[in-house]
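J.: As a plain string of letters, each chain reads:
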Amino acid sequence: MSEFVLEMCDVIKRFPGVLALDCVQFNLRPGEVHCLVGENGAGKSTLMKILAGAQPMDSGVIRLSGQEIHIRSPHHAQQLGISMIYQEFNLSPFLSVAENIFLGREPRIGGTPLINWSRMYGDAREILGRIRVGLDVRTPVNELSVAQQQMVEIGKALSFNSKLIVMDEPSATLTDHELAALFDLIRTLRGQGIGIIYISHRLEEVFEIGDRLTVMRDGQYVGTHPVVDLNREEIVKMMVGRELKDEFPKEVFEPGEERVRVEGLTRHGAFEDVSFSVRTGEIVGLTGLVGAGRTEVARAIFGADRIDSGQIFLDGKPVTVRSPQDAIRQGVGLLTEDRKGQGLILGMTVRENTTLANLSSLVKFMFVDRRAERTTTEKFIGELKIKTPSIEQVVQNLSGGNQQKVILAKWLFTESRLLIFDEPTRGIDVGAKVEIYKLMNDLARRGDAILMISSELPEALGMCDRILVMHEGRLAGELQREEATQERIMHLATGQGMPAGAGV
Amino acid sequence: GSEPDAKVVGASLLTQTHVFYQDMVAAMEEEAKKQGLNLRIQYAEFDSSKQNNQVETFLIQGVDALLVAPVDSAGIKPVIADARAKNVPVFTVDIAAHGADVVSHIASDNRKGGELLADYMAKLLGEKGKIAIIDHPSVASVQDRTAGFEASLAKYPDMSIVRRVPGEGQRDKAFRAAQDLLQATSGLDGIFAINDDSALGALAALEAAGLEDKIVVLGFDGTPEACKQIRKGSALKADAVQYPKEIGRTTIQTIAASLRGEAVPAEVPVDVRVVDQASLAAQ
Amino acid sequence: MSASTEARRSLQQFLRTYGVLILAVVIECAIFEIIARRQGVRSFLSASSLVNILNQSAIYGVLAVGMTFVILTGGIDLSVGSLIAFGGVISALVVHHGGEPVWMWIVIGGGVALLAGAAAGGLTGLLVTHASVPPFIATLALMSSLRGLSYILAGGRPIAPLPDAYTFLGRHRIGGLVPVGVLVMLSVFVLGAVLLNATRFGRHVRAIGGNEEGARLSGVPIARTKWAVYCMCSMLAVLGGLILSSKLGSGDPKAGLGDELGVIAAVVVGGTSLSGGRGTIGGTFVGLLIVSVLNSGLNWIGVESFGQQVILGVVILGAVLLDRFKMHERG
Amino acid sequence: MSASTEARRSLQQFLRTYGVLILAVVIECAIFEIIARRQGVRSFLSASSLVNILNQSAIYGVLAVGMTFVILTGGIDLSVGSLIAFGGVISALVVHHGGEPVWMWIVIGGGVALLAGAAAGGLTGLLVTHASVPPFIATLALMSSLRGLSYILAGGRPIAPLPDAYTFLGRHRIGGLVPVGVLVMLSVFVLGAVLLNATRFGRHVRAIGGNEEGARLSGVPIARTKWAVYCMCSMLAVLGGLILSSKLGSGDPKAGLGDELGVIAAVVVGGTSLSGGRGTIGGTFVGLLIVSVLNSGLNWIGVESFGQQVILGVVILGAVLLDRFKMHERG
Ligand SMILES: Nc1ncnc2c1ncn2[C@@H]1O[C@H](COP(=O)(O)OP(=O)(O)OP(=O)(O)O)[C@@H](O)[C@H]1O
Ligand SMILES: Nc1ncnc2c1ncn2[C@@H]1O[C@H](COP(=O)(O)OP(=O)(O)OP(=O)(O)O)[C@@H](O)[C@H]1O
Ligand SMILES: [Mg+2]
Ligand SMILES: [Mg+2]
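Protein chains in written order, with our numbering: chain A, 1 to 504; chain B, 1001 to 1283; chain C, 2001 to 2331; chain D, 3001 to 3331.
With the rest of the complex left out, here is chain A (with noise of 0.2 Å):
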């Protein structure tokens, strides 16, 4: 009997134009964490869906338990005990949360093909108490929030008594609260022997519940070392191949002109009488627990969903935003949260989706010119860094955070004043993190205004100048960048007011 659950050796696997994996090697024991970490494209995705059937390798070896396996399906890979949670969600939108977490194994009446209900319905809600998610197990998922179905993601791979999960950033969609369930579930669950593959590009989570860490960059392996052995820096070097000083460049640029105000914006059931200002040169961080109803407010001001009352003004003037192409004219870009259903045409090239916001400003006679388009594309893939064979790969082959550079390069190309980024860093590596607060203070500087959504604290503290903190669907309070701490956003997001000490 090996002392490993799992071992991956000299997993080779090739795309068009793409080694993605390069002899990669890794090994798992029974109840550990072993985080594994790399810049957007190193391939961390693709080991992983090799190893849940999801993907073929192109040459490899993998033993389970010490016995050599060839992983067929998916399917497969679950009555072997290997079950993940994957980047992109997979759930079934018009099924409930209970079906979803039970697809494929749901429990039947004795012999019979009926299933039952009372029995799904019950283990459900068993499993998600477990994380500690309250959810209506009758709901259906495309109800859900995107946290929300997260929850049910992490439900459904423990539903399954596996030898392993694999959780490829399961930390993106959530705040702290669910983070902190979820991190209690890990540790119960490699209590029970249970091995854990956990996938993240937040390094604190990696100390905080890591026992390994394997780097991988480039498609190549680096290197796997006790996580106690390391610290921040070590590992960033061995990510990103050099050194990063600060990981939070901020620059604080004097304020000019209001940008936008909204007052008394409300959308009975997501938000209700929010009001707030964002000047030009400005940073300003909108943050909350889950279900909050940021992205609400942000989808609203950019005409994405109507607003039953209220009023926004756009350089003092007041507007009427009717719609994304309206609030594209008047200099207001969304970047949303999810990238796979609202950011991107997966179908399309890098070079469509980088211009398809402003192709108007390529149009020459009524065609569109080509050469522009390209130069434009090429000057984006270079000063983002965007990792891709060319400009016109498929974005749907670029590995997730190379997709959110391009949803990125789309809205810098639209030249918008008024910029909101909702989750901006979600599933981004830290070198590329870095790179983008230097343009969101490139954008500051040249005096446009951007309002950041964000769900990680030290990025929204990192960051921005101000931050508005929302609960359940109301302005709870705002903190000035100086007065602001975790303590503080975290008291006002639970509803507890505004904190001793802090006034606006």
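By construction, these hints were calculated from the structure, which means they are not laboratory data. A quick note: this is a predicted structure, and the numbers were derived from the prediction, not measured. Here a beta-carbon is modelled for each residue, glycine too, at the ideal position from N, C-alpha and C. Check each hint, because a few of them may be wrong.
[Stated by the list, open to error] Derived contacts from chain C toward chain B, CB cut-off under 10 Å, selection only:
#, residue
1, Pro2158
2, Ala2160
3, Ser2250
4, Pro2253
5, Gly2256
6, Asn2295
7, Gly2302
[Unchecked claim] Cβ-Cβ distance ranges computed for the label pairs, FRET-style:
#, chain 1, residue 1, chain 2, residue 2, range
8, A, Arg14, C, Ser2275, 28 to 38 Å
9, A, Gly264, D, Ser3132, 28 to 38 Å
10, B, Lys1123, C, Arg2173, 30 to 40 Å
11, A, Asp326, D, Leu3045, 51 to 61 Å
[Claimed, not checked] So these bits of chain C aren't anywhere near chain A, every CB distance computed over 12 Å:
#, residue
12, Arg2038
13, Ser2043
14, Ala2047
15, Trp2227
Start from chain A and add chains B, C and D with the ligands according to the hints.
T.: Relative to the frame of chain A, chains B, C and D with the ligands by itself:
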């Protein structure tokens, strides 16, 4: 299939799906063999564009004569003109071409068939009664049949057409339409079905409703299946019969004669008759 | 929760979801009744007329259940019209050439036809799952080929005569009242509803239509499930063909021409989403009623052929619009 | 990059993408040629026969370009067959009742028909965008209603006679050689390709088909774009109807029955994805050739109607399968 120097006749016919045409074609092929003609047959399946293409194809391939059963009596005119410009003689069968330069038209008179059936219906019902039509008004020859039927029925003041339901000339659709008809209309005495598929659909509906002794059906075409029902004494009492085999034979004979240089009449009418149980028994 | 509360809840749910469509059926009936009275024809709302409508919708109904499953997976089946003919022709051929005892040959004929249907559906399923041919195209091709094949098998003309016993399925009325075809249709609806709502297979069908890749990664057997759905749909289409050929007492290769679109319309009017994942068997039943009542009613009040086509289009649109507005109002 | 390298690159790209389908066309031609020689009919591959094939595909071609746009947005248009009839009937009606000068009335007739087509397409677009009726259902309803309306307008039978000048679009050959219809079709293809590849509108069309919500949030005017696409498709269908009615010299309300499926088949065989976002006008042209060569060839070698249906299904399937296997091999 015939000897290499045989004259080629290209035919584009209305459809292959009607028994009437199948019988006609069988006779044509038999007769063509006798006459030493090479007969190439295409079916337009009620698609005027397809028929147009078929005729054009024949003209490019080079045929010695063209035979058409037009889908669209007006729309066939331009290609017939093309054929005439290439000195290819054109014949029409079953359905006439309006205003086109055709050597000869061989058909039985659909209108006449309708008239005969109206008279037969009157005789059968004692010159009074309510009649319904299982119709298929998008087909020209059907329009002629119903027009003849109506015109002749007008002679009988106590007879009237109370309903027209669409059967699309298909048995299943006619069956459905007839069922609705029987449900909705009380005191119906007779049904005129525009072809035998419609008649057999109506007959099935009558039998399903147990009304086969109360309501009579008249059909059109005289397919073997319909004749069998008439002979059996079912509610299908009579058919207007067009003798497709005779039409087919006559058509080929006319074309052959014309190709030999003989003069042929511009209209070659083939008899329409009404057959009923008695006349079938007499055969 | 007690069974009766559960039942009440699902009835309420049903009314909330389909109330508008049921209303549409009622409006249709009322309009036809009023016109029928004016015209002095028989009342449209008599018991015998209603049985007639159900009886006429038996074939569409049987097909619509299968089509609902196919559409729920996000597919479509255009071959069902041709399968009506194909099934009828095959069974009629067997019975026509078979001898005594008649009953045995009828059963054999039906069995052979159903097997042939399963083969056709299996082929579609294979093409869709293993060669990833879009269902629209796979079944369009089959629609054309099977129609041609039916003509060739039948020699271009309806196969008749068939023994009287052959008409049992289509014409017999149990107790002289309830047509066998109606019973068959209702059983198919009940079985379909159970299959969709209470079994694992039903979950999988919905999951595939909602998010195929997600379902695959959850271990749902995509290929097997889709394959089964196409087989089932084809076999039900053949069953419809058997009922029809039994009604007509002949195997007609022209039968069912164009019916695929009518059946799809009934399913979609009943609220099933063409992009898959959403829809119910109950909704399909209501959609079927809307289309069937319309077809019968128009014949009933004697609207001529061309007018019927215009009205059919308008009503389909009206029903879907009605349903959409209800949704808007709610969400 | 120089223009010629660019051109070479895109030709290579085209061949890589459509090589297999072009091969299918070549195979078809070869088979028909061999059979034609055996039968002793004239060579299938003569110049006049090839012009004939193009000429016969003019109507389908014009429709297929519009359909490609619709399918690229993720929609479908089942009403095009009826629009062929509708357009022909309207223009024939105008010309039939108009007087002198004939040319003026022909232009008016064509204009009125195109406007009517735009209205029909506009209605579809409105239903699809503002009432979120699925395109399949909206156009299915329109297909039925417009067919009925065409019959009613025409009084059930083709409208004729029409003046000789009416046949210009369908029958005139420039220099006695190149049919006007073929020129019209080729222009429509070229304009369609430019519109799709080189304009903002074309990009928007593909973006909508790729991810409608994503496109909306990138500021793509969804409603306007879709609306324009349906208008365009309907107007092209009417243009096809004008060519046909000009060929026939009559306005036939039966025209184009069932053609929607053939046109969709050509588009999909040409590699356009029915789920939207992926496809090219060049591919549609090749798909059109596959279907047209087949239709012409089967007539050429005299395959009877039933057999044609069987073969049509098999070839559509074969072409799509061929294309799929190529994709598998690459990806
Ligand atoms: N289906 C595919 N086709 C082509 N290339 C692919 C495909 N999937 C992944 N790739 C490429 O393989 C490489 C590794 O991608 P992968 O998704 O594994 O990265 P990752 O480490 O998970 O990155 P991230 O942190 O951004 O999620 C990337 O360069 C990506 O573009
Ligand atoms: N599609 C939907 N249908 C019904 N309710 C929804 C839907 N999407 C979101 N909600 C609800 O709207 C509220 C706010 O949504 P959301 O979770 O997106 O806010 P948020 O503050 O942006 O959170 P986060 O960005 O962390 O997901 C929540 O109560 C959520 O349950
Ligand atoms: Mg990844
Ligand atoms: Mg959010």
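J.: Against this structure, judge whether each hint is valid.
T.: How the hints compare with the structure:
1. Pro2158: Holds - the Cβ of C:Pro2158 comes within 10 Å of chain B, reaching about 6 Å at its closest.
2. Ala2160: Check passed: Cβ of C:Ala2160 comes within 5 Å of chain B, closer than 10 Å.
3. Ser2250: Holds - the Cβ of C:Ser2250 comes within 10 Å of chain B, reaching about 7 Å at its closest.
4. Pro2253: At about 8 Å, which falls below the 10 Å cut-off, the nearest Cβ of chain B leaves the hint on C:Pro2253 intact, so it holds.
5. Gly2256: It holds, given that the least Cβ distance between C:Gly2256 and chain B is near 7 Å, below 10 Å.
6. Asn2295: holds (7 Å)
7. Gly2302: Holds, because the Cβ-Cβ distance from C:Gly2302 to chain B comes to roughly 5 Å (cut-off 10 Å).
8. A:Arg14 x C:Ser2275: 28 to 38 Å: At roughly 34 Å between Cβ atoms, C:Ser2275 and A:Arg14 fall inside 28 to 38 Å, so the hint holds.
9. A:Gly264 x D:Ser3132: 28 to 38 Å: Check passed, 31 Å falls within 28 to 38 Å.
10. B:Lys1123 x C:Arg2173: 30 to 40 Å: holds (35 Å)
11. A:Asp326 x D:Leu3045: 51 to 61 Å: holds (57 Å)
12. Arg2038: At roughly 45 Å from the nearest Cβ of chain A, C:Arg2038 sits farther out than 12 Å, so the non-interface label holds.
13. Ser2043: holds (42 Å)
14. Ala2047: holds (36 Å)
15. Trp2227: Label holds. Min Cβ-Cβ 16 Å, cutoff 12 Å.
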